[in-house]
Amino acid sequence: GENVEQHPSTLSVQEGDSAVIKCTYSDSASNYFPWYKQELGKRPQLIIDIRSNVGEKKDQRIAVTLNKTAKHFSLHITETQPEDSAVYFCAAGGGATNKLIFGTGTLLAVQP
Amino acid sequence: NAGVTQTPKFQVLKTGQSMTLQCAQDMNHEYMSWYRQDPGMGLRLIHYSVGAGITDQGEVPNGYNVSRSTTEDFPLRLLSAAPSQTSVYFCASSSGTAGQPQHFGDGTRLSIL
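Heads up: the protein sequence lines correspond to chains A and H, in order. Just so we're aligned, residue 1492 is where the first sequence starts under the numbering used here, counting upward by one. Just so we're aligned, residue 876 is where the second sequence starts under the numbering used here, counting upward by one.
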């Protein structure tokens, strides 16, 4: 069935360093790849997304890259700040149903 | 504009009891879905709906029922609660166009004793 794998499960970086989270997906029909940030006790919130007709997208310190041939996509956060500390989820889906399958999450800790 | 509203926020049930988790959205979104979130497991899709009168199973549908009689509401029913259903439940909605962001509610924290 459809599957999304996400790595690493935990990531600790120093403030100012970059952080990279990687995901792979199994369903070749997937065409929409969002990333969500979830703070403790809160709802997941969309931070950036990319569609299959684009290879890279950037929004200030956040960027996402997509390799459809290899079926993997990555989140890049530059100049990390303590407020970036949260759990990050990737997801893959779209298509006719708009159904999303999520990865298992990455706990990012930015040390001041 | 409230977005996606879930009720209740917290609930404790005994094994075997039934319960309905409510989800309503005021954005006229066609697509709605239910997820459960467990530590280390991420968000797993339970059921989803692409419009009123249409529902389908996700990754972990067993033990849950849904219906979609209106565009706005998408309740999730537990017919006979089990301790394995202890989790945080999130409802989400998006427009019907493919590849659109999903908007999440604040979640319902459910404990089954």
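Because the hints were derived from the structure by calculation, they are not lab data. Honestly, I wouldn't trust all of these hints.
If you anchor each label on the Cβ, the simulated ranges turn out as follows [as the list claims (entries may be wrong)]:
1. A:T1560 with H:P914: 27 to 35 Å
2. A:Q1505 with H:T945: 44 to 52 Å
3. H:N937 with A:N1494: 13 to 21 Å
4. A:P1499 with H:K884: 28 to 36 Å
5. H:S959 with A:T1588: 36 to 44 Å
6. A:R1552 with H:K889: 43 to 51 Å
7. A:E1547 with H:D931: 27 to 35 Å
8. A:S1543 with H:N937: 29 to 37 Å
9. A:L1598 with H:V887: 38 to 46 Å
Built from N, CA and C at the ideal position, the CB exists for glycine as well.
Hint by hint, here is what the structure shows:
1. A:T1560 with H:P914: 27 to 35 Å: holds, 34 Å
2. A:Q1505 with H:T945: 44 to 52 Å: holds, 50 Å
3. H:N937 with A:N1494: 13 to 21 Å: Since the Cβ atoms of H:N937 and A:N1494 sit about 18 Å apart, the hinted range of 13 to 21 Å holds.
4. A:P1499 with H:K884: 28 to 36 Å: Between A:P1499 and H:K884, where Cβ atoms are some 32 Å apart, the hint holds.
5. H:S959 with A:T1588: 36 to 44 Å: violated, 27 Å
6. A:R1552 with H:K889: 43 to 51 Å: For A:R1552 and H:K889 the Cβ distance comes to about 47 Å; the hint holds.
7. A:E1547 with H:D931: 27 to 35 Å: holds, 33 Å
8. A:S1543 with H:N937: 29 to 37 Å: holds, 32 Å
9. A:L1598 with H:V887: 38 to 46 Å: Taking Cβ atoms as reference, A:L1598 and H:V887 lie about 27 Å apart, which means the hint is violated.
Of the numbered hints given earlier, the model fails hints 5 and 9; all others are met.
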